[in-house]
Amino acid sequence: MSEETLKTRIAELEKELKKVKSESSQYLQNVAHQLTAPLNAIKWSIEALKDEDVPIARKHNLLRSVYSQATILVHLIKNFTLMSNLEVDHDLRKFREKPQEVDILRLAINLANDFQPQAFESKKKIIVEDDTFKNAIGRKTVSIEKNLVAQAISNILENAVKYSDVDTSIIIRAEKEKEGICLSITSCGIPINPLEVKSIFERGYRGKQAVDKVPAGTGFGLYLVKRIMELHNGSVSLETKEKISKFKLHFLGNLFK
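The working numbering puts the first residue of the sequence shown at 1256, with every later residue one more than the last.
What the hints contain is simulated information worked out from the structure, not anything from laboratory work. Incorrect hints may have been included.
As the list claims (entries may be wrong) - Keeping only pairs whose Cα atoms sit at most 30 angstroms apart, straight-line, the calculated DSS-like set for lysine-lysine is:
| id | residue 1 | residue 2 |
| --- | --- | --- |
| 1 | 1353 | 1433 |
| 2 | 1503 | 1453 |
| 3 | 1481 | 1395 |
| 4 | 1378 | 1433 |
| 5 | 1463 | 1433 |
| 6 | 1353 | 1305 |
| 7 | 1298 | 1353 |
| 8 | 1333 | 1401 |
| 9 | 1298 | 1333 |
| 10 | 1401 | 1431 |
| 11 | 1496 | 1433 |
| 12 | 1512 | 1389 |
| 13 | 1453 | 1468 |
| 14 | 1463 | 1512 |
| 15 | 1401 | 1501 |
| 16 | 1395 | 1353 |
Claimed, not checked - Pairwise CB distance ranges (calculated):
| id | residue 1 | residue 2 | range |
| --- | --- | --- | --- |
| 17 | 1459 | 1290 | 15 to 23 angstroms |
| 18 | 1355 | 1499 | 31 to 39 angstroms |
| 19 | 1468 | 1310 | 27 to 35 angstroms |
| 20 | 1494 | 1380 | 19 to 27 angstroms |
| 21 | 1355 | 1295 | 32 to 40 angstroms |
| 22 | 1398 | 1302 | 40 to 48 angstroms |
| 23 | 1509 | 1266 | 50 to 58 angstroms |
| 24 | 1266 | 1355 | 48 to 56 angstroms |
| 25 | 1354 | 1468 | 30 to 38 angstroms |
| 26 | 1386 | 1446 | 35 to 43 angstroms |
| 27 | 1492 | 1302 | 40 to 48 angstroms |
| 28 | 1459 | 1332 | 12 to 20 angstroms |
| 29 | 1264 | 1325 | 13 to 21 angstroms |
| 30 | 1311 | 1271 | 53 to 61 angstroms |
Note that CB positions come from ideal geometry on N, CA and C, so glycine has one too.
Make a model of the complete structure from these sequences and hints.
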């Protein structure tokens, strides 16, 4: 290798290193901002609860807010932990668990309940159409890695609550498909450009309108959904029309027993 070639290569590596450092710094700043916001909200609510003269109804609202912000914190930390491990372990071996038989309807209801306070605060509601689960699945359970799938559903639910319009409902339902079952989450909010549909599941991608509405964000949530579904030999898709967005988690039929 000539001296000139070596200098060129060193310059390229220095440029790449500078880019990585810049991205890491930006990522850490983003993480700090996203964690600080709910922590400050919790702190403010607790301070308000110290006032003995706070009316009962107000106390209930403050406690609901604390629960909502705590849910956001737990969700964020799980996402950051998964992403950190994906950098060195593309199969998430550290987080893999033995598949267990899960009542997917019960899981959907529990997760909806977790995000209901957050939805309530922004004048939205989450509805689980349990009849669709009974029609599509019956009494069958699904063999999945529960914690990972729960995180995938949570990521979509969090986005639905965050980006949907006020006074709208987020609908969770189950549907039969040719090769299995899908769990869908539908919301009405900012329109997604059809040209962005493929990109939306890429690592770090955020649509322009999403950034305009909620500037803070990593773009990791839907990427993690995609990876988790791939680990289950399934997939995730998005159907969009004007302001309606329908995310679908596709599970193979042989997982249901």
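We went through each hint and held it up to the structure:
1. 1353 with 1433: Roughly 27 angstroms separates the two Cα atoms, so the pair holds.
2. 1503 with 1453: holds, 14 angstroms
3. 1481 with 1395: Measuring from Cα to Cα gives roughly 24 angstroms; hence the hint holds.
4. 1378 with 1433: Violated: residue 1378 and residue 1433 sit about 36 angstroms apart, past 30 angstroms.
5. 1463 with 1433: Roughly 34 angstroms separates the two Cα atoms, so the pair is violated.
6. 1353 with 1305: violated, 45 angstroms
7. 1298 with 1353: Status violated; Cα separation ~38 angstroms.
8. 1333 with 1401: Distance ~14 angstroms between residue 1333 and residue 1401 Cα, so the pair holds.
9. 1298 with 1333: holds, 21 angstroms
10. 1401 with 1431: holds, 21 angstroms
11. 1496 with 1433: The given pair, whose Cα atoms are some 23 angstroms apart, holds under the 30 angstroms limit.
12. 1512 with 1389: At roughly 14 angstroms apart (the allowed maximum being 30 angstroms), residue 1389 and residue 1512 satisfy the hint.
13. 1453 with 1468: holds, 21 angstroms
14. 1463 with 1512: The given pair, whose Cα atoms are some 42 angstroms apart, is violated under the 30 angstroms limit.
15. 1401 with 1501: holds, 22 angstroms
16. 1395 with 1353: holds, 19 angstroms
17. 1459 with 1290: 15 to 23 angstroms: holds, 18 angstroms
18. 1355 with 1499: 31 to 39 angstroms: holds, 34 angstroms
19. 1468 with 1310: 27 to 35 angstroms: Holds: the Cβ-Cβ distance is about 33 angstroms, inside 27 to 35 angstroms.
20. 1494 with 1380: 19 to 27 angstroms: holds, 22 angstroms
21. 1355 with 1295: 32 to 40 angstroms: The hint (32 to 40 angstroms, Cβ to Cβ) holds, given that residue 1355 and residue 1295 are roughly 37 angstroms apart.
22. 1398 with 1302: 40 to 48 angstroms: holds, 46 angstroms
23. 1509 with 1266: 50 to 58 angstroms: With Cβ atoms ~53 angstroms apart, the hint holds.
24. 1266 with 1355: 48 to 56 angstroms: holds, 52 angstroms
25. 1354 with 1468: 30 to 38 angstroms: holds, 37 angstroms
26. 1386 with 1446: 35 to 43 angstroms: violated, 29 angstroms
27. 1492 with 1302: 40 to 48 angstroms: holds, 44 angstroms
28. 1459 with 1332: 12 to 20 angstroms: Between residue 1459 and residue 1332, where Cβ atoms are some 19 angstroms apart, the hint holds.
29. 1264 with 1325: 13 to 21 angstroms: Taking Cβ atoms as reference, residue 1264 and residue 1325 lie about 49 angstroms apart, which means the hint is violated.
30. 1311 with 1271: 53 to 61 angstroms: holds, 59 angstroms
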